[in-house]
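**Student:** Chain A is fixed; fit chain B onto it per the hints.
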Amino acid sequence: MEVAPKIKQEVAKRHCLATRIWHWLNAFVATMLLMSGLMIFNAHPQLYWGDFGSREDYAWLQIDDTRTKGFVRIGNASFETTGVLGLSLDAKENVRRVAFPGWATIPTGYDLAAARRWHFAFAWVFALGLTAFMLISLVNGHIRKDLHVRRGEWSPRALWSDIKNHARLRFGDKYGTSHYNIMQKFSYIGVIFILFPLLILTGITMSPAMNAAWPWLLDIFGGRQSARSLHFIAAAMMTLFVVVHLIMVLLSGPINGIRSMITGRHVTTSKPEATGDLA
Amino acid sequence: MTVNRKLLRRRDLLRSATLGSSALILGGCDAMNENATFRSALRGAEKLNQLTHRTLADRATLAPEFALSDISPVFKTNGSLTGTSTEYLAHLQNNFADWRLRIDGMVANPINIGLDALRAMPARTQITRHDCVEGWSAIAQWQGTPLRLLLQQAQLSPRAKYIIFHCADNYGARPYYESIDLIDAFHPQTILAWAMNGETLPVKYGAPVRLRVERQLGYKHAKYVMRIEATDDLSKFHGGKGGYWEDVGDYEWYAGI
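Chains as they are written, first to last, in numbering that gives the first Met the number 0: chain A, 0 to 278; chain B, 0 to 256.
Only chain A is shown next, with the shape it has when bound in the complex:
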């Protein structure tokens, strides 16, 4: 039945100040880390598993060029990526034989020393920001109230209904609720408690001085080169998260979403009385 019910608009408080500050700080810092990280990767565009790995050893991932073509090799599978990865043109149309093109790196040109300085300075902001956010969210109840997956949400029926809602581009806040839906909770928990700590710890594991201080990190990640591989994979997953996150913002009402992340206030439409069990 398609009876237009009376819809009432309400303004609800959605994101607290700590969440908003951390969100925008992270948007900036993660971009700086990703782009300077890609420049660092360009210095040795190969990845290995285990303790050691160099041009003399087998790399499971390689982004390189044949002087005329750029390619990405993963295991035995090779893909031509001329123009973007391995071999690309810079702004002045010069051919550059680098893994990631200048538009994706900080600095634009090849400068390992500078990229390292950017990366290691912003890494502090990233790590301290995450720690502060976790502590504040624990104290102000953000984790318990908003991120905690409740028993009911674990039921296959609830999960399936959330998946169906996503497939129909119908998100949790369609009818009034300003709570996160299940998939949203999973992705935020995954990023905050798994992906970000993984990025920080695998990053620390690449430091020879920290290997002396905390040798257990090498045991956890299976050696320095494994940590380097995991660091790269985690960065790729973080990028994927950001892409999906931005798509979701666009699909679920970008103005309202962005406003709520800036002012904290979110406009909700109260749930019509007549409709059934939409969560």
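Possibly wrong hints are sitting among the right ones.
[Said to hold, decoys possible] For lysine to any residue, the following SDA-like pairs were computed, each having C-alpha atoms within a straight-line distance of at most 20 Å: (1) B/Lys75 / A/Asp50; (2) B/Lys235 / B/Asp180; (3) B/Lys203 / A/Arg54.
Calculated from the structure, these hints are not laboratory results.
**Tutor:** Chain B in isolation, oriented as in the chain A frame:
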């Protein structure tokens, strides 16, 4: 259709916003990168990293050591593959028979020591991982004389703060050199290696002796060491930043990451 136009306008706006912001980020970052104040702010993190590492690890905490079975099948060569000074080339011809390592500067008892005398001193053998600043790693066994024994023998001045390694390899017109502080200089794993994987140190890996300073990156591990000098001020040497790559490439002097 107004809706379509609105959508189009929104799309255009988004596109130009994306392109604009990416250009702004890149242009802005490159400009920031050239900015002296910003660069020195970033450099502050280097000090913070060094302080953190020195706080988290005791001055004698060892870098991880490995088993014989962990050694890289082929240890990648890099940097200079031979010393280049005339003096070095003459010693190389003579199989380093008359080569003498000089230890001087802020020491009470400067010494000249030959390769055989160096080998006769108590030695340390360690299987460690070599990490290049570029990102690759290789594992090898190193055998050599602990630097601290030589510094004790030379009676290091209490005013000395750094140890400088003068090398026989040149990059263009500049000689290679490196420096470390006294914490690393007296670290048990800091050795002047004269053997690698059980054999006399090959020329391409730094013969007759190279530095191993295991808690830092590869460029600190000076090859073809000819002279060791104690000092209290790095700014007096070459470019003033304490090492070839530090002077030329602006790499960090403290290379613990």
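**Student:** If a hint holds in the structure, say so; if it does not, say that too.
**Tutor:** Against the structure, the hints come out as follows:
1. B/Lys75 / A/Asp50: Holds - the C-alpha atoms of A/Asp50 and B/Lys75 are around 14 Å apart, at most 20 Å.
2. B/Lys235 / B/Asp180: 15 Å, holds
3. B/Lys203 / A/Arg54: 17 Å, holds
Against the hints set out earlier in the document, no violation occurs for any number.
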